[in-house]
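Everything in the sequence shown is counted per my numbering, starting at 1 for the first residue and increasing by one.
Don't take every hint at face value.
Claimed, not checked - Derived DSSO-like pairs: lysine-lysine, alpha-carbon spacing no greater than 27 Å straight-line: (1) K24 <-> K82; (2) K82 <-> K133; (3) K82 <-> K124; (4) K126 <-> K115; (5) K82 <-> K56; (6) K105 <-> K115; (7) K105 <-> K126; (8) K56 <-> K40; (9) K56 <-> K24; (10) K47 <-> K24; (11) K133 <-> K105; (12) K126 <-> K82; (13) K24 <-> K57; (14) K24 <-> K40; (15) K82 <-> K115; (16) K47 <-> K82; (17) K57 <-> K82; (18) K105 <-> K82; (19) K124 <-> K105; (20) K40 <-> K57; (21) K57 <-> K47.
Unchecked claim - For each label pair, taking beta carbons as the anchor points, the in silico distance ranges come out as: (22) S64 <-> R107: 29 to 35 Å; (23) D108 <-> V132: 35 to 41 Å; (24) K115 <-> A84: 16 to 22 Å; (25) D98 <-> E123: 48 to 54 Å; (26) T55 <-> D75: 14 to 20 Å; (27) A122 <-> A84: 39 to 45 Å; (28) D112 <-> G65: 48 to 54 Å; (29) G63 <-> N135: 33 to 39 Å; (30) E139 <-> G65: 58 to 64 Å; (31) A99 <-> E123: 18 to 24 Å; (32) T27 <-> A128: 46 to 52 Å; (33) T27 <-> K124: 30 to 36 Å; (34) Q118 <-> D98: 17 to 23 Å; (35) I54 <-> K133: 37 to 43 Å.
Hints are computed from structural coordinates only; laboratory data are not their basis. A quick note: this is a predicted structure, and the numbers were derived from the prediction, not measured. C-beta: ideal position from N, C-alpha, C; glycine also.
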Amino acid sequence: MIDAKDVTISDSEWEVMRAIWTLKRVTSRQLIEAMASARKWSESTTKTLLHRLITKKAVTRVGSGRPFEYEPAVDERDSMGKAAVNLFDHMCAMRAGDALAAVIKSRDLSQDDIKNLQALLAEKAKTAPTQVKCNCLPEEMMADAGCGCD
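Produce the entire structure from the sequences given, and follow the hints as far as they go.
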């Protein structure tokens, strides 16, 4: 597997990757049928997205005979984590807690998920600042502009 941080996946490519991660190894025909059923996508759309993922090295072709088979070259959990961190990197650091709360409210979580999150938050609380600083602008500009995040 290659490092997920080296691969940027578009929204449509995520849909194809989800199918490949779920199926583990798939022929192009199986993938085309899966995406037609799940997303009503045409054969050419699925083929185009598969080709992009191969070019990005997110998917690899395995075997030498036909039909060609494809499998993920990036780990699903690593890719999800990278995408989440990337999204939060584009937000004001002061708003990360609000955004995380909104995500948690909108998702179904298992009892184990909740226990893991509680343990992680309890550990994080030991060293958490009273308030997270705004990171929207360089610090020297913040004094003049004032933070609009308050």
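Do the hints match the structure? See the list:
1. K24 <-> K82: Since the Cα atoms of K24 and K82 sit roughly 20 Å apart, the hinted pair holds (cutoff 27 Å).
2. K82 <-> K133: 22 Å, holds
3. K82 <-> K124: Between K82 and K124 the Cα gap is close to 20 Å, so the pair holds against 27 Å.
4. K126 <-> K115: Between K126 and K115 the Cα gap is close to 17 Å, so the pair holds against 27 Å.
5. K82 <-> K56: OK: K82 and K56 at ~15 Å, within 27 Å.
6. K105 <-> K115: 15 Å, holds
7. K105 <-> K126: 24 Å, holds
8. K56 <-> K40: Distance of about 24 Å is within 27 Å: holds.
9. K56 <-> K24: 18 Å, holds
10. K47 <-> K24: Judged against 27 Å, a Cα distance of about 18 Å means the pair holds.
11. K133 <-> K105: 24 Å, holds
12. K126 <-> K82: Satisfied, since the Cα-Cα distance of roughly 25 Å is no more than 27 Å.
13. K24 <-> K57: Holds. K24 to K57 sits at ~16 Å (cutoff 27 Å).
14. K24 <-> K40: Given pair K24, K40 holds - Cα atoms ~21 Å apart, limit 27 Å.
15. K82 <-> K115: 22 Å, holds
16. K47 <-> K82: Holds. K47 to K82 sits at ~25 Å (cutoff 27 Å).
17. K57 <-> K82: Holds - the C-alpha atoms of K82 and K57 are around 16 Å apart, at most 27 Å.
18. K105 <-> K82: 21 Å, holds
19. K124 <-> K105: Holds, at about 20 Å.
20. K40 <-> K57: 25 Å, holds
21. K57 <-> K47: 15 Å, holds
22. S64 <-> R107: 29 to 35 Å: Cβ of S64 to Cβ of R107: about 41 Å, so the range 29 to 35 Å is violated.
23. D108 <-> V132: 35 to 41 Å: 28 Å, violated
24. K115 <-> A84: 16 to 22 Å: 20 Å, holds
25. D98 <-> E123: 48 to 54 Å: Once the Cβ atoms are compared, 21 Å apart, the range 48 to 54 Å for E123 and D98 is violated.
26. T55 <-> D75: 14 to 20 Å: With a Cβ separation near 19 Å, T55 and D75 satisfy 14 to 20 Å, so the hint holds.
27. A122 <-> A84: 39 to 45 Å: With a Cβ separation near 21 Å, A122 and A84 fall outside 39 to 45 Å, so the hint is violated.
28. D112 <-> G65: 48 to 54 Å: At 41 Å between Cβs, range violated.
29. G63 <-> N135: 33 to 39 Å: 47 Å, violated
30. E139 <-> G65: 58 to 64 Å: Cβ of E139 to Cβ of G65: about 59 Å, so the range 58 to 64 Å holds.
31. A99 <-> E123: 18 to 24 Å: Distance hint for A99, E123 holds at roughly 20 Å.
32. T27 <-> A128: 46 to 52 Å: Given a distance of about 49 Å, which is inside 46 to 52 Å, the answer is holds.
33. T27 <-> K124: 30 to 36 Å: 44 Å, violated
34. Q118 <-> D98: 17 to 23 Å: Given about 19 Å between the Cβ atoms, the range holds.
35. I54 <-> K133: 37 to 43 Å: Holds, at about 42 Å.
Checked against the numbered hints above, the structure violates hints 22, 23, 25, 27, 28, 29 and 33; every other hint is satisfied.
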